[in-house]
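Student: Sequence:
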Amino acid sequence: MIKIRPIELRLALMNFLEFGVWGAYLISLGNFLYSIGLEKQIGWFYTVQGIVSLFMPAVIGIIADRYVQAQRMLSLCHLLAGCFMAAAGIYCLTTSQVEFGPLFTLYTISVAFFMPTIGLGNSVAFNALNRAGLDTIKHFPPIRVFGTVGFICSMLFVNFTQFQTNAWQLITSAVLSFILAAYALTLPSCLTKKEAASSVADALGLKAFRLFKQKRMAIFFLFSMFLGVSLQITNSYGNTFITSFSEIAEYADTWGAHNANALISLSQMSETLCILLIPFCLKKLGIKGVMLMSMFAWVLRFGFFGLGNTGDGLWLLVISCIVYGIAFDFFNVSGGLYVDQETTSDIRSSAQGLFMIMTNGIGATIGTLCAQGIVNYFVFSQTTPEAQHAGWETSWFIFAAYALVIAILFMFIFKDNKQPSASTVKANIDEVNSGADGMIDE
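Residues 1 to 442 (this note's numbering) are what the sequence shown spells out, left to right.
Okay, derived cross-link-like pairs now, EDC-like style, lysine to aspartate or glutamate, Cα gap no bigger than 20 Å in a straight line:
id	residue 1	residue 2
1	K40	E247
2	K288	D340
3	K40	E99
Honestly, the hints are just simulated from the structure, not real lab data.
Turn these sequences into a full structure, and let the hints guide you.
Tutor: Written out as structure tokens, the structure is:
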């Protein structure tokens, strides 16, 4: 019989709430912005997540290391994130004409305090497990699974309450933040370590930039950035695209057109399951092979979105959601493995941080802004639902073509024949399990 300890249940609830806060709006925010006439600014709301993630987790992490216990900092960050997210929601609900400036400002401040909480939550969990004498490698992944469950539950709640097209999704996120802010204060204390604290340069991974002097690492990080361009595109526009079918007579009454969040939640379910395939695929294909699977999966992710619809083409959208797990997980794990085996211990953590910056920071930021320009031109500049649908098809095919070009170039340019050890594979899978949905986790 599997013995479940009370501390594991408490940490599972923490993870459930942590990612529930995010799941309440991450996928459906674009749909809401479209409904209030801010469709041409959707990209900025997703871009800012990458921008604040470049520095806020490091800054808050240093404060937690030196001055404020991690569980208290987790509580404070969620309290502030919840306040500003609630303010954003109340502003939208009480204003007849929502303006970009006030909403974006409130949202940005909220996100700036939320993004560090992912890493803080991990620190709290690792501390609690260590104090309980439990192996973090063995006991943390099952706990982290409840984060994905929380994310999916929030998505489904927002979907079936019809909050995905209004500001109540922001209020939902804020309420969950307030609950977690209170709950975090009940978690085991984390000691501060003033004498062993890292510098800002270490926390930001700046020392790892010397790896660009090595040709193969420079090529790897460059392609990491190129692939990172794809990471936030479907998070930004997938929900809006699927919901747009409700404006076309042929698909107006289809289930998918009115339940985009529920449909897209298959992506998160797939992500959880695909983690289990990685050790087998790495053994058979090696790191480069797994990376290529990820890149070609992005081609299918975008391509099937371009071909599918919520009617007789619903199965294509479902396949697109299923391959998301391969597209996201396979590159993040194999990329982390490559960094691990190619770097020395003194800069390994910094190099992993640099990998995340190149993919989820710089790459995702550039990708979201470019996607915004493409979608604004081909979709939101059109005046009829049919013309917009044609624009969506064109946009998805452009994204698919981009991913295909990157995959082909990577196939011929990147060289790697090393096979990672089983222990290294497991360690990096656990690292990916501590994050979610292509965003930075410091």
